[in-house]
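Peer 1: Numbering (the numbering used here), first residue to last: 23 to 395.
Fair warning: there could be bad hints in the mix.
To be verified - Simulated restraints, written as ranges between beta carbons of each label pair:
(1) G337 - E298: 12 to 20 Å
(2) K385 - I299: 32 to 40 Å
(3) G27 - E335: 47 to 55 Å
(4) D306 - I201: 28 to 36 Å
(5) K385 - I201: 47 to 55 Å
(6) I63 - E108: 44 to 52 Å
(7) E108 - K173: 34 to 42 Å
(8) D106 - D59: 25 to 33 Å
(9) K92 - I201: 40 to 48 Å
(10) D106 - T71: 23 to 31 Å
(11) P184 - G97: 19 to 27 Å
(12) D306 - I182: 18 to 26 Å
(13) D59 - K385: 20 to 28 Å
(14) E309 - E205: 34 to 42 Å
What the hints assert, rightly or not - Under the rule of at most 27 Å between Cα atoms (straight-line distance), these lysine-lysine pairs were calculated in the BS3-like manner:
(15) K227 - K203
(16) K387 - K270
(17) K236 - K203
(18) K317 - K371
(19) K173 - K320
(20) K270 - K385
(21) K252 - K227
(22) K385 - K320
(23) K243 - K206
(24) K206 - K236
(25) K60 - K360
(26) K252 - K206
(27) K173 - K227
(28) K385 - K371
(29) K70 - K247
(30) K235 - K206
(31) K270 - K247
(32) K236 - K199
(33) K120 - K30
(34) K88 - K30
It is worth saying that the hints were derived from the structure and are not from the lab.
Computed from a predicted structure; not experimentally measured.
Even for Gly, the Cβ is constructed at its ideal location relative to N, Cα and C.
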Amino acid sequence: MTKVGKIKVGIIFGGRSGEHDVSLVSAASIMKALDKDKYEIIPIGITKTGVWLTDVTTEMMQNYSKTKDKSALKGARKVVFSSDTENTGLIALNDNGKNEMIKLDVVFPINHGTYGEDGTLQGMLDQADMPYVGCGVIASAAGMDKTIAKKLFKDAGLAIAPYVEILRCDWRSEPEKAIEKVEKELNYPCFVKPVNSGSSVGITKAHNREEFKKAMIEACKYDRKVLIEKAINAREIEVSVMGNDHPKASLPGEIVPCNEFYDYSAKYIDDKSKLEIPAKLSDDLIEKIRESAVKAYKSLDGAGLARVDFFVEKGTNQIIINEINTLPGFTSISMYPKLWEATGLPYSKLLDELIELAQERYKDKQESLASVA
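Please put together the full structure from these sequences, using the hints given.
Peer 2: In C-alpha cells, the structure reads:
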C-alpha cells in the first residue's frame, strides 16, 4: 500500500538508441538506490521498437532484447504518455478495455543516446508540463550534437581539439575529397565519431587511410554527420556537474582505459579500465578543470546534471574540452555517481538532489508560464 506523501517517480529506460542495454543497467541501479520510504517508483520501459510498458523490470526488458520472445514481457502493460496538461501521466492500455490513468509527480529519464538525451523526450515532457530530471530541450540537443557543442564551448572561451565535419552524403559521393581534407587539416591518428551518439558507439581511432575509410563506414551507420577529430596525446579527465542556475562541479576523475581509448567495450564490457578518483593532478589544475566544467555546462544552459569530459595534454597540461554528456551513465561503474561520492555525496543522496532540482526547475518554469497566461 502506498504511503501518503510518497513522491511518484516515473523511471523511463530502454529506448530505440544503440545505448538501450546500457540504459537498462543505469535504470536498475537507480531504482535499487532510491529511498522506498520516500518514493513510489513507476517503471516505464521502452522497447527497441518504441513500445512503452509499465509493470516491467529491467530484467524482463533484457530478456526480451536478447530473445525477442514476447513471453519475456508477461505481466507488463502497454502504456502511452499523455501530454494533455489536465491529465498528465501514463495511460495504461488494459486488456479489459478499461484504460487506467497513472499519475506521476516527476520523471527521471535515463534513456541514453538518441530519442532519450537528444531533446526529443524532453520536448514531450515539456509539452505535458511534467517535471523531469536533467537538461532541457536546448541543452540536451546541443550537447548531443558534438559539433554544435564545440562551437558553443569555443564561444565560451574553452579550448577544443582541431576537427572537421563530413556529411554522410558527401562521403558517399566524394570520399577522396573527404580524405584529402582530413589528411590536410588533421592527419593521422584521428578519431572518427558519429556526431549524434554516446557511450562511444560507432567511434574508431584511425591510424592511416585504410583505417579511416573503415571508420567512416562504421560512423555513417549511426548518423548523417561525422566528426573527425585530431588525436591528442593526453590524459582523459571527467567531471560531474549538478545544479540549475548555480551549478557545482565534483572533483575530477581520470580514465585509464584498458583499450587504446575509452571505447564501448572498455566502458561496459571489459570492466578492466582503471578509474583514478580523484585524479592525481595539482590543486591548481583541479580548480581550473572544475571551473571549466561549470563554464561548459552554463554555455549550453545545462540543468540538473551532466558529465563534462576533458583532455589534459601531456607535456603542456593544457585543458581541452572533449564533450559534454547531458544524461551520463548511472551503472555501478559509471563515473558520474562515483565522482560525486568521492566529493562527499553518496548515491542515494545524489538521486534525492537531482529530483529536488527537477522540481525546482519546474517551479521556475511555472513563473514564466504564469506571466503569459
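Peer 1: Would you pick out the hints that fail for this structure and give their numbers low to high?
Peer 2: When the structure is compared with the hints, numbers 4, 6, 11, 31 and 34 turn out to be violated.
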